[in-house]
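There are 2 protein chains.
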Amino acid sequence: MTIARPLSPTPRSTLTRKKNRAVLDREVLYEVLDAGLVCHLGLLLDGSPVVLPTGYGRDGDTLYLHGSTGAGNLREAAKGAGVCVTVTLLDGIVYARSLNNHSMNYRCAVVHGRARAVTGEDEKWHGLRVVSDHLSPGSWEHARAVNPKEFASVTVLALDLAEASVKVRAGNAGDEPEDVAHGTAWAGVLPVHTVFGTPEPAPYVPGETPVPAHVADRAGKPVDAPRE
Amino acid sequence: MTIARPLSPTPRSTLTRKKNRAVLDREVLYEVLDAGLVCHLGLLLDGSPVVLPTGYGRDGDTLYLHGSTGAGNLREAAKGAGVCVTVTLLDGIVYARSLNNHSMNYRCAVVHGRARAVTGEDEKWHGLRVVSDHLSPGSWEHARAVNPKEFASVTVLALDLAEASVKVRAGNAGDEPEDVAHGTAWAGVLPVHTVFGTPEPAPYVPGETPVPAHVADRAGKPVDAPRE
Numbered sequence: 001m002t003i004a005r006p007l008s009p010t011p012r013s014t015l016t017r018k019k020n021r022a023v024l025d026r027e028v029l030y031e032v033l034d035a036g037l038v039c040h041l042g043l044l045l046d047g048s049p050v051v052l053p054t055g056y057g058r059d060g061d062t063l064y065l066h067g068s069t070g071a072g073n074l075r076e077a078a079k080g081a082g083v084c085v086t087v088t089l090l091d092g093i094v095y096a097r098s099l100n101n102h103s104m105n106y107r108c109a110v111v112h113g114r115a116r117a118v119t120g121e122d123e124k125w126h127g128l129r130v131v132s133d134h135l136s137p138g139s140w141e142h143a144r145a146v147n148p149k150e151f152a153s154v155t156v157l158a159l160d161l162a163e164a165s166v167k168v169r170a171g172n173a174g175d176e177p178e179d180v181a182h183g184t185a186w187a188g189v190l191p192v193h194t195v196f197g198t199p200e201p202a203p204y205v206p207g208e209t210p211v212p213a214h215v216a217d218r219a220g221k222p223v224d225a226p227r228e
Numbered sequence: 001m002t003i004a005r006p007l008s009p010t011p012r013s014t015l016t017r018k019k020n021r022a023v024l025d026r027e028v029l030y031e032v033l034d035a036g037l038v039c040h041l042g043l044l045l046d047g048s049p050v051v052l053p054t055g056y057g058r059d060g061d062t063l064y065l066h067g068s069t070g071a072g073n074l075r076e077a078a079k080g081a082g083v084c085v086t087v088t089l090l091d092g093i094v095y096a097r098s099l100n101n102h103s104m105n106y107r108c109a110v111v112h113g114r115a116r117a118v119t120g121e122d123e124k125w126h127g128l129r130v131v132s133d134h135l136s137p138g139s140w141e142h143a144r145a146v147n148p149k150e151f152a153s154v155t156v157l158a159l160d161l162a163e164a165s166v167k168v169r170a171g172n173a174g175d176e177p178e179d180v181a182h183g184t185a186w187a188g189v190l191p192v193h194t195v196f197g198t199p200e201p202a203p204y205v206p207g208e209t210p211v212p213a214h215v216a217d218r219a220g221k222p223v224d225a226p227r228e
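Protein chains in written order, with our numbering: chain X, 1 to 228; chain V, 1 to 228.
To be clear, the hints were calculated from the coordinates, so they are not data collected in a lab. Do not rely on the hints blindly, as some may be mistaken.
Since the list gives no way to pick one copy over another, a pair counts as held whenever it fits inside one copy or between any two copies.
[Said to hold, decoys possible] Distance condition first, Cα-Cα at most 20 Å in a straight line; then the derived EDC-like pairs of lysine to aspartate or glutamate:
#	residue 1	residue 2
1	K221	D91
2	K79	E178
3	K149	E176
4	K149	E178
5	K149	D217
6	K221	D160
7	K149	E208
8	K221	E176
9	K221	E27
10	K124	E176
11	K124	E76
12	K221	D61
13	K124	E208
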């Protein structure tokens, strides 16, 4: 159990705009990271910025990322390149009376730092499990375990959550006073919900096989619901 | 009307892994970009990679991004810094019989290049409209127009879709032949659906005001449904 520490912004993790949307509470950082499914990992590769979606999971103040040893961006990150990991949850479209005050409701966590390639066997197993439990809780116990060859083909990275920022826009539309007073256009929020649908068994799964609870229980639930 | 050209991959837009997931059809690039709502814009800012969610819209082979003139990342992009713009749509969690073959269904478009600050008044208006029509179709006609002060406070960037890649994973789980033959674990896809919810009027909108069709018609529909 990690004791939560407040966010300690450095210049690059200090918001320069819409500071009212900055959140300085580490618990909110955890909530956003735990509610997302994929992050966007950005780094410089051969001199160009590259941003790719990546699976991740959090354990305390460590974010684990994983992927194939063949992935160029993970290889570069494993060498200690500076990275930015961003998790964005879109919660709604904000319609204001003025076009200029149209906006989006969202929760966004941004983590800066240098990742560490996890090479110790125990921590690598742990990191894999953290990512697996994040994306598909229950699979670690249910599915066929990772074998040594598969284990060797996976890269696990660890990124400390020391330097992070969280930005949240929630609530309804905001308009200029004159638009509130005299405007006639509709204003409001059109929520965006991301939910799990109905499980679709693979063709090689016998028809009488029940969908296991760790999958079936997610059906119809919001993706950002707390994991079991 | 722009005539579609096939994707012309350069080294940085050529997939090095899972090449079977690469899509070389420009129409698919358009579909993914048109289906998303926010992109992730990555660039180097003060020596560090920064990845932030950003609104965008597409017109032919031009991607328009917009934001406040105060946003540091847009200012940097406007100077001609190399950027990577990524749009990811998550379509499902793939449960395989083996942990190692767990995956995600997704559609992901990645655009590399250097953005151009749109300074000409006509094109800037056009870019704003393209972004507005992408995020909230109908608002351009319905809401109070952008005034000169607001117009001046917005940065519009244009990014050519010359160098892009698209990666798609769809369909059901795949497993090793021995797991297909002898495994007992459940395998399948748990779809992820992103849908618009019920419009929530702002408190300053009179109760009897009907929700206009351009908002009401989106309620309950998938976010990635084709725009009207």
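Among the hints numbered above, which are violated by the structure, and what are their numbers in rising order?
2, 5, 6, 7, 8, 9, 10, 12, 13
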